[in-house]
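Colleague: Protein sequences, first through last, are from chains A and B.
Residues 1 to 82 (the working numbering) are what the first sequence spells out, left to right.
Residues 1 to 218 (the working numbering) are what the second sequence spells out, left to right.
One or more of the hints may lead you astray.
[Stated by the list, open to error] Cβ-Cβ distance ranges computed for the label pairs, FRET-style:
hint, chain 1, residue 1, chain 2, residue 2, range
1, B, S188, A, S11, 26 to 32 angstroms
2, A, K46, B, I47, 52 to 58 angstroms
3, A, I18, B, I218, 52 to 58 angstroms
[Unchecked claim] Derived lysine-lysine pairs resembling BS3-like cross-links, with alpha carbons at most 27 angstroms apart:
hint, chain 1, residue 1, chain 2, residue 2
4, A, K21, B, K115
5, A, K62, B, K115
6, A, K80, A, K10
[Said to hold, decoys possible] Computed far set for chain B versus chain A, every beta-carbon distance over 10 angstroms:
hint, residue
7, L9
8, E42
9, V51
10, V126
11, L132
12, I162
13, K177
14, L194
15, I206
16, V209
17, L210
18, I218
No lab work stands behind these hints, which were simulated from the structure alone.
Note that the structure is predicted; figures quoted are calculated from it, not measured.
Glycine residues also receive a C-beta, built at the ideal position from the N, C-alpha and C atoms.
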Amino acid sequence: MENQNTKLFKSAETILKIHAKALEIPSGSANVFISHSIKAAEKSLKKRKIITKSDVTRAVAKELNKYNPDLAYVYENYDKII
Amino acid sequence: MVIQGFLQLSPGLFAIFYHHALGKTTAKKADDRALSFILGVEICVAIVFLVVYISSSIFLSDQSFPRDIYLWVLSGIFLVEAVATFFLYFRKKSTSLFIPRHVAASLIHRAESAKSRSDTIVLGIVTCIFELIFTLPLYFAASFAISNISTRSGFIFIIAYIIIATIPLFTIRSLYKTGRNLAEIQRSRVKKKLFFRLTISISFLILAVLTFAAGMLI
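Only chain A is shown next, with the shape it has when bound in the complex (with noise of 0.2 angstroms):
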């Protein structure tokens, strides 16, 4: 269970670093506050058997909000935009 929820956040972390080269987001500053934000949200995920993907999504967005809120905001609704 636990490699399954590493490849969520790794997936996760791959996905965030194409959305934010696309926001046109300085890679150097991007990386720092993706690995961030998985960080924190792995820690507050933690305690959970079970982890979903929207689980991720939502964690993760919550983190980034704080660093670049259209980061998160396409991060958390790319699925909803069709």
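Following the hints, position chain B against chain A.
Modeller: Chain B only, in chain A's frame:
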């Protein structure tokens, strides 16, 4: 034409596609592929319009063909579309559309993985096909409208139709080119969701009334 310009599937997928292309390639390449997407939509609109125009002109040229019944059937379809666009076109969440969620996910996946011009042209064609449920009756009505005018004027009408169908895509492209991003575009789409819904629905209703009245007058 107005309805075609307000439908949200191809603009939504185009916005996702452009955003993802910007994230994976250079701005120039992303723009080049975006134009291929638009070309795909234009090809699809042109082919569907021509097929519908040619097939409908075959039976409309027959003098015994009941044109009034044809128009009343179209009017009924438009009425159904008016109700459907108001209640079913958008889902509750954000600007999610009527298409099944797994199809939407698959389209998004295709938009993300489109790597060549041919991929993006096909993507444009596919989105146009998915919209046919709402656009096909429009092609029949437009074909009926141009069946009584000269071929030259009809050709100009078809070109205008194709241009209007792709105006939203060119608008999104220009927004990206002027420095806007997906977050801003999506926020504005969410804000205007009710406006889109009302405009499409009322336009279908007006079309229903007009085609019904035209059927009565024939």
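Colleague: Could you tell me which of the hints above the structure violates, numbers in ascending order?
Modeller: Violated: hints 5 and 7.
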